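There are 2 protein chains.
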Amino acid sequence: MTQPAPSTALQLRSLVRSNGELEVSLQEVAVPEPGADEVLVRIEATPINPSDLGLLFGAADLGTLQVSGTAERPVLSARVPDKAMKAMAGRADQSLPVGNEGAGTVVKAGASAAAQALLGKKVAVIGGAMYAQYRSMPAAQCLVLPADASAADGASCFVNPLTALGMVETMKLEGHKALVHTAAASNLGQMLNRICLKDGIGLVNIVRKPEQAALLREQGAMHVCDLSLPSFMDELTDALAATGATIAFDAIGGGRLAGQILTCMEAAINRNAKEYSRYGSAVHKQVYLYGMLDTGPTEVVRNFGMAWGMGGWLLFPFLQKVGPAAAQKLRERVAAELKTTFASRYTRTVSLAEALTPAAIAVYAKRATGEKFLIDPSRG
Amino acid sequence: MTQPAPSTALQLRSLVRSNGELEVSLQEVAVPEPGADEVLVRIEATPINPSDLGLLFGAADLGTLQVSGTAERPVLSARVPDKAMKAMAGRADQSLPVGNEGAGTVVKAGASAAAQALLGKKVAVIGGAMYAQYRSMPAAQCLVLPADASAADGASCFVNPLTALGMVETMKLEGHKALVHTAAASNLGQMLNRICLKDGIGLVNIVRKPEQAALLREQGAMHVCDLSLPSFMDELTDALAATGATIAFDAIGGGRLAGQILTCMEAAINRNAKEYSRYGSAVHKQVYLYGMLDTGPTEVVRNFGMAWGMGGWLLFPFLQKVGPAAAQKLRERVAAELKTTFASRYTRTVSLAEALTPAAIAVYAKRATGEKFLIDPSRG
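Residue numbers (the numbering used here), protein chains in the order written: chain A, 34 to 413; chain B, 34 to 413.
Bear in mind the hints are in silico, worked out from the structure with no lab data behind them. A portion of the hints provided could be inaccurate.
Any copy, or any two copies together, can satisfy a pair, since identical chains are not distinguished.
[Stated by the list, open to error] Straight line, CA to CA, 30 angstroms or less: simulated DSSO-like cross-link-like pairs of lysine-lysine:
no., residue 1, residue 2
1, 354, 205
2, 399, 154
3, 210, 354
4, 154, 242
5, 119, 242
6, 119, 210
7, 242, 116
8, 205, 141
Values in this document were obtained by computation on a predicted structure and should not be read as measured data.
Pulled out of the complex, with its shape left as it was, chain A reads as follows (with noise of 0.2 angstroms):
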């Protein structure tokens, strides 16, 4: 039998002040009881992703960054910049709950068999608030981990892998047959490469340092371009020549990056083009932006004609746009190969008090690749 619940447990908030003060906290809040198709999840294992440190730290200065309180119940504060304030101004003064997805043990169910059938399962779970030691969660929105797994191994069963399935689905939706990706040596990334190489899917993997295309290399990628390298423009033509891609995912966002890609794309179609278009090629070329590990300014240099998109692209609104059917076809794949393409490594596993430290923001809040944390609320 598992543990009965307490009455009240450990929940991670972020408040961000309309004075521009943000602060992160960890508050004792009532253990909600299940209703009758609900069950209550100890949450064993949550990610910190980087679609996580927007809500968790909002626009603050880590610079600032101070801490208080006791090793057990830390506070952090620090500044917002003045002109970041306004992009807060819709969370000003809320005390918001954090982290999108984890995994942990059902300990009590609602009165419905659908509810009961899950108790002392490992379940995954998303629906934010999941830096918590208790979360309430429909059943019917409980992922049940093969026997074999571990709540760390189903940590990330959501976020990560809907997302490189949906760049895949995305991809052929809108007509294109190969892809590429930026940051590609991340967690996300090289589980991209693995669906790939298993669905026979082209992929051009764009890293920023050699370790990272070894990296890559070694886990069976074909083509990787190293943005570190003067020669990476020609590289990237020649890979988006080989594999025909035409849509790229890019994690980054700011910078020259996006634009870059786009000119690659245009010069690797011009290849095989037979007579001069002065609006560049009809062939269309997209790049989606899905993160901001840089959030200065895109800067895209327009040499690569007129057919061409860019735009911003999430997990959920794709999910809706493909509808519940398909959706449930992603996450059932996710489940079967949890622990071969869709395994996620972790550097560290940490309490919810030790992931505010400032020694443990200090590495994640980087969002280096090769440094992912694994909050274990159960821990304290």
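Got chain A sorted already, so can you dock chain B onto it with the hints?
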């Protein structure tokens, strides 16, 4: 009866040599004999549109312009900067005719009834090579002008009118209810303003000078935002909130304006937002770049959430997308409202040779709002 056509006549040609030299000249070419379903049009009016300048001068630096030849047969030359030659590769060493559209008199016709029916008529035509004294065209592609219209009235029947109508159709097709237009005091912009006033569609006009704002307001424009005012962003946000415009057509391309429009759209949407969304509003915001008045990089400060898109927009792919029946309906509207909604104004009418004088080029190559030239090739 119309004058018989000569056996040879003038045609303007643009040539970028692979050594980086641009040469623009008037060539004496054979006047084509129309086929059975074709007519020969004596071109009497053909506009210099911004969309013609790219083919006319390539990527040449007009600061290096030199003139040789005679007053009747000038030969222009200029240097294409080395770094721009990559983009010229597709047209290198090919002598290309120029001029998207024009109007004139049918002076010869093929044997078919359709062709014969056009003999002596004034028609508008599109298809390139209009900067010439004669142009052979399929009879089916000629738009017969109303009896009271001159060639000058019909010279700009296609590019601007169909572009303006195409913007409104794209707005509707993509589910938006009002639109934004930049460089809005241009001939095209004034036309779009007349369409929107007539059809009751919300239009936000962005201009760069107070006198352009005044001109549009005199023509009944309801929302005019002047980039030169310090209050520009606030006024734009107000106009976007008032109209609900979430799609923009930008003629400028370079610089920050396209991104600023997205920023203000998001701010206008968030005025009525009920709860905080860390990814910004879910309302899709779109900016299409259809022109290149500023050929510099596009700089996008991404502070407008993730539901956005930016891309190229061109008339011909749009017409292909909507199909021939829809395109024909738009053409019929242009013919019916040629002297009202779709009237163009020109600052000067020049001969082919005069169009190649440095004094004329200095004016029309600036692409300045309010300066529009018409060529009458029948003047030589």
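Worksheet entry | Violating hint indices (sorted, rising) | Of the numbered hints, 2, 4, 8 do not hold.
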